[in-house]
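Peer 1: Residues per chain are reported as follows:
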Amino acid sequence: MSITLQLLFTGLGIGSIYALVALGFVLIYRATNVVNFAQGDFSMIGAFLMVVFAVDMGLPYWLSAVIAIAAMAGFGILFNYGVYYPLRHRTFLPVVISTIGASILLQNGVLAAYGPHPQSLPAMLPFPGIAVGGVFLDSQYLLILAVTGAMVVLQYLFFERTMLGKKLQATSQDKEMASLLGIPVALMIGITFAYSAVLGGLAGILVAPLLFVSINMGSTIALKAFAASIIGGFGDVTGAIVGGLALGVVETFGAAYISVPYKDGFAFLVLFLFLMVRPQGVFGEKVAEKA
Amino acid sequence: MTDATLSHPAPASNRGAIAGGIVLAVLAAALAVLPLTMTLSAYVLNMLMQAVTYTVAVLGLTVVLGYTGQLSLAQAAFFGIGAYAVALGTVDYGLGFWLSMVLGLAASAVAGAVLGLTSLRIGGHYLAMVTIAFQQIVTLVLVNSIDVTHGPDGVSGIARPNLPGVSLANAKAYLTFCIVVLYAVGLAVWYLRRTRLGRAMQAVRDNELAAGVVGVNTYRTKVVAFTISAILGGLGGALFASGFSYISPDQFSFAESVVFLTMALIGGVQSAFGTALGTGLLILLPEWLRFLKEIYLAIYGLSVILIMVFMPEGIWGLLERIAHVGGGRPAVVTPRPFRLDIPDSGPADILETRGLAKHFGGLRAVDGVDLKVERGSVHALIGPNGSGKTTLLNVLSGLYRPTGGSVSLAGRDITRLAPHERCAAGVGRTFQNIRLFRSLSILDNVLIGAQRPGAPAKGEAALRERAFEALGFVGLADKASELVGSLPYGHQRLVEIARALAGNPTLLLLDEPAAGLNPTEKQELVELLRRLKGHGLTIFLIDHDMAMVERIADHITVLNFGKRIAEGTPRDVLRHPAVIAAYLGEVPTHGAA
Amino acid sequence: MALLELISVTASYGAVDALNAVSLRVEEGEIVTLLGANGAGKTTTLRTISGLMKPRSGSIRFLGKEIAGASANSIVRLGLSHVPEGRRIFPGLTVRENILLGSSNRSRVPKAELDRDLDAAFGIFPDILKFADAPGWTLSGGQQQMVAVARGLMARPKLLMLDEPSLGLAPIIVQQVFRTIAAIRERGTTVLLVEQNAHMALSIADRGYVLETGRLIVEGPPATLLNNEEVRAAYLGGRVTAG
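Chains as they are written, first to last, in the numbering used here: chain A, 1 to 291; chain B, 1001 to 1593; chain C, 2001 to 2243.
Extracted from the complex, chain A is given alone in its bound form:
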């Protein structure tokens, strides 16, 4: 029983990371109809910014995190202007390739600066964790769960309760109509990219103490996060969160009970079977196409 709970806790922790990155995917997809292949690299950049501020410059840990997150917002805006904005009137595929190019650029840019050796970061909380019953709750995992929970609540309030949130949604549904109503569309898309980069960076900062910080750390996370958003129903915010958590749990149990080397394959196999049974994901697509 306690092993099951222990695995569940770990699975939810990893799943939260997938959920954060998946949220970033979904937001950019809704605003621009584009799948951002560099989404995982946002996490990588976030983690490396932590290395820059906390390790190289020796700033206090929490201050480093705050600066890194602020820097991610600026990075998101730059990313928008460099990678998406010039192609905003084009179809899906050229933009996708542009984000693939950005991913290559970011990974190899960091590689040129830091070399191929992975960096490491200490845990963020000053205690290793707490034991509840037979279950050990690692402090880093607790932090991940708490931050993800807080982000989800904040995001819900922002999108559902504020006029700015509604304007962002309107922009993602029909850009031309939004501009006719006087909504500054370019600004809205810039905000979406900034926020999406913050989410990705946050995931990277949170996961860094658990993994090594390396240039391709984002790729695996992004692939899982994309899978998570598909399981949830692409384009759906709740679905991304549920899908992320579910994938984390499935993967952790699969690794424990079935096979460690095939851990990733297990997750994808479940995804494959799941899509066969329920093609629209858990929450489906809200807007039906009228013939």
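Derived from the structure by calculation, the hints contain no laboratory data. There could be a bad hint or two in this list.
With a Cα cut of at most 16 Å, we get these calculated EDC-like pairs of lysine to aspartate or glutamate [what the hints assert, rightly or not]:
| id | chain 1 | residue 1 | chain 2 | residue 2 |
| --- | --- | --- | --- | --- |
| 1 | C | K2054 | C | E2066 |
| 2 | C | K2054 | A | E176 |
| 3 | B | K1563 | B | D1367 |
| 4 | B | K1563 | B | D1370 |
| 5 | A | K175 | C | E2085 |
| 6 | C | K2158 | C | E2030 |
Label-pair ranges, simulated between beta-carbon atoms [said to hold, decoys possible]:
| id | chain 1 | residue 1 | chain 2 | residue 2 | range |
| --- | --- | --- | --- | --- | --- |
| 7 | C | M2001 | B | F1310 | 37 to 47 Å |
| 8 | B | G1404 | C | A2132 | 32 to 42 Å |
| 9 | A | P128 | B | E1294 | 35 to 45 Å |
| 10 | B | G1361 | A | P128 | 28 to 38 Å |
Taking beta-carbon pairs under 8 Å as the criterion, some of the chain A residues facing chain B (in silico) [said to hold, decoys possible]:
| id | residue |
| --- | --- |
| 11 | I97 |
| 12 | S98 |
| 13 | I100 |
| 14 | F268 |
Note that CB positions come from ideal geometry on N, CA and C, so glycine has one too.
Using the hints provided, position chains B and C relative to the given structure of chain A.
Peer 2: Okay, now just chains B and C, sitting in the frame of chain A:
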């Protein structure tokens, strides 16, 4: 008029094309033989080998993504299946190159077909995700089933094949062989676009819903596209394995699938030439950038972004636009008069529904409708917005499966048939929001309608003739080679009608054909429908313009809240109190014929 | 001074001229209608005025201010609201949210004032009040058209441009839409109306223009247009001989 008149539409430009073709063929042959005559360093040979074998695999993406519009992110997995089949077959099992390759292609084909089969259930991003899942699983098997695949160490000592009397063991000879294979594949892919299958693929890409309704078996088309793509991936991989004699799992990872995709799109995914250009460029570019030392891959990434920003249609797309290549074959043909081949035997009611229902969750969009449409008549369906008219039409054309009830066409039960099967049975239709194949010419749009299964026209010449007849009937034969997007709205509606007519339907369903037309254009539409009726075609239409409906309809059915509330001749129905209250508001005062 | 004035405006899609030296005026308080065949340039005219398309040459003045080439969201801030063809309701937002977003062009409106305007909008279209919290995509075409017009009015425009508001609507709803347009003018809003339903449009308009392949060919009050043989033949479905 015979086929001959149609087969030489523009002799002068044809002769030019033939001359161009010969020049191209000579150049190509010279290029293929060139490696044999030159001294090439091992480094250059390797790059050429990689470029040639990759291009074969990337051409698979031209078919599945460029022609059929399905995003596949598993091309490296098929490439790997072909490569490992040859590697393990020749090294571990002593099967020889040719047998191993055939087994590899068969395995790729089966895997590709299975991926294609999943498209029955899912599409778009979900299908792309399934291809990623497949890619990941293949990579994991290659890395982890060490007993079979040699694991992460890879396989070395892969042999090269022999042709009867010719040894290909020499790298230059083998490269020439690969170039010849590439030419054959490239030519086949280039030609595919101009065939029935190729047109069906492009119809699926441009508008899947409309493709089904005009008779394309969309599901089969996608499965075939995935299978062809997988076979080309496997073939490229098989050639690659023998070319380099050593392979390892990291050469067939998801990252490589992304590289294949990038190659296809940088060149221009809708063209075989573009694919070859893009592949060559992306293999050469990193080599050219090597002088930049540590940052060369970062600059490579930046170049990919810049190419997309400045050439979003790929390099080939840009070249095409500059040179106007392939635009317009000026086929000025006087079409034969249009005719419809409609059997005059059979029941008096060509279409009959019994208790037809379509529910969406709790919403009863169509709620038990009985309908009889008389052979050769014009029958109008009217009713308030949201009363279920379009839903009913979608059930009739097979886009929605009914919740209950039955539909029969000329006495035959068609309730369970898919849209393309109903089209084959003789149901044609148009859409409220025009659904044409936007990247194709007007002629190609109508050709896709003409080639529906069971239509009388067979063979390219007959199909073209039929398409011109239909275009002539709506008065657009002289615009045949223009792109549909360049036509004004009213003409696009006519192309949709011509597309349906080319397939020789017995029943034509029209969803708001007069919407967006001004009174004069509406009058022209009425004339057109009257001429069609004269050919014996039965027309079932939805429209809101009562003046027009009154002039053309023999019979009117009124729907409200998914149920039939009135039925009869225009004179009676348009004065029915319930119809006035729910729909008309006031009795139409003008336009009575 | 005219509220809106176009002087010799030319616009093109690529190499094709869509508008050729179009000049027109809309005076304050008028309903002006723009008629013409498909592809004549009616929608392009509205798109060029509202900033969705940039004119190649010519001048567009609104309230005496040059707006040619300005961005769409800056033009609507001046009080020129464009309700485009096809309703364009945000499918994932509720009806109330859709209508509220119509006020995006006004800066810092107090909440009480927004609520008053929202009530006024539902007052004009009482039929959609019961769908206030339903997502936009669930509405029928007629209901969506009402939401689109209500959303356009939330901008408190001095000039409201409507593109084919009757498209695809049942006759009873079309009559309602035209009554509403007349009512909107009574409240002091000027209207520029593009319509295929020429008879209906001329029945409420003060003046009309007829466009043909990107050029204006006739201008005048409804009676003049209705009695013009050419216009009748080309756009009103009246046959010259058997009419």
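Peer 1: Are the hints correct? Go through all of them and say.
Peer 2: Hints, verified against the model:
Taken as a hint, the K2054 of chain C and E2066 of chain C pair is honoured in the structure, with Cα atoms around 13 Å apart against an allowance of 16 Å. Among the hinted pairs, K2054 of chain C with E176 of chain A is consistent with the structure: their alpha-carbon atoms are about 14 Å apart, no more than 16 Å. For a cut-off of 16 Å, the pair hint linking K1563 of chain B to D1367 of chain B stands: about 5 Å separates their Cα positions. Straight-line distance between C-alpha atoms of K1563 of chain B and D1370 of chain B comes to about 9 Å, which keeps the hinted pair within the 16 Å bound.
Simply put, K175 of chain A and E2085 of chain C have alpha-carbon atoms about 15 Å apart, close enough for the 16 Å limit, and the pair holds. At most 16 Å may separate the alpha-carbon atoms for a hinted pair to count; K2158 of chain C and E2030 of chain C meet this at roughly 11 Å. The supplied range of 37 to 47 Å is met by M2001 of chain C and F1310 of chain B, whose beta-carbon atoms lie about 45 Å from each other. G1404 of chain B and A2132 of chain C have their C-beta atoms about 33 Å apart, which keeps the hinted 32 to 42 Å range intact.
The hint said 35 to 45 Å for the Cβ distance between P128 of chain A and E1294 of chain B, and at roughly 39 Å that hint holds. Taking the beta carbon of each, G1361 of chain B and P128 of chain A are about 51 Å apart, not inside 28 to 38 Å as hinted. The beta carbon of I97 of chain A is positioned within 8 Å of a beta carbon in chain B (closest approach about 5 Å), and the interface hint is therefore held. Annotation: interface hint on S98 of chain A holds; nearest CB of chain B at approximately 4 Å, less than 8 Å.
Interface hint at I100 of chain A: satisfied, since its Cβ lies 6 Å from the closest Cβ of chain B, which is below the 8 Å cut-off. For the restraint placing F268 of chain A at the interface with chain B, the shortest Cβ-Cβ distance is roughly 4 Å, inside the 8 Å limit, so the hint holds.
Of the numbered hints given earlier, the model fails hint 10 alone.
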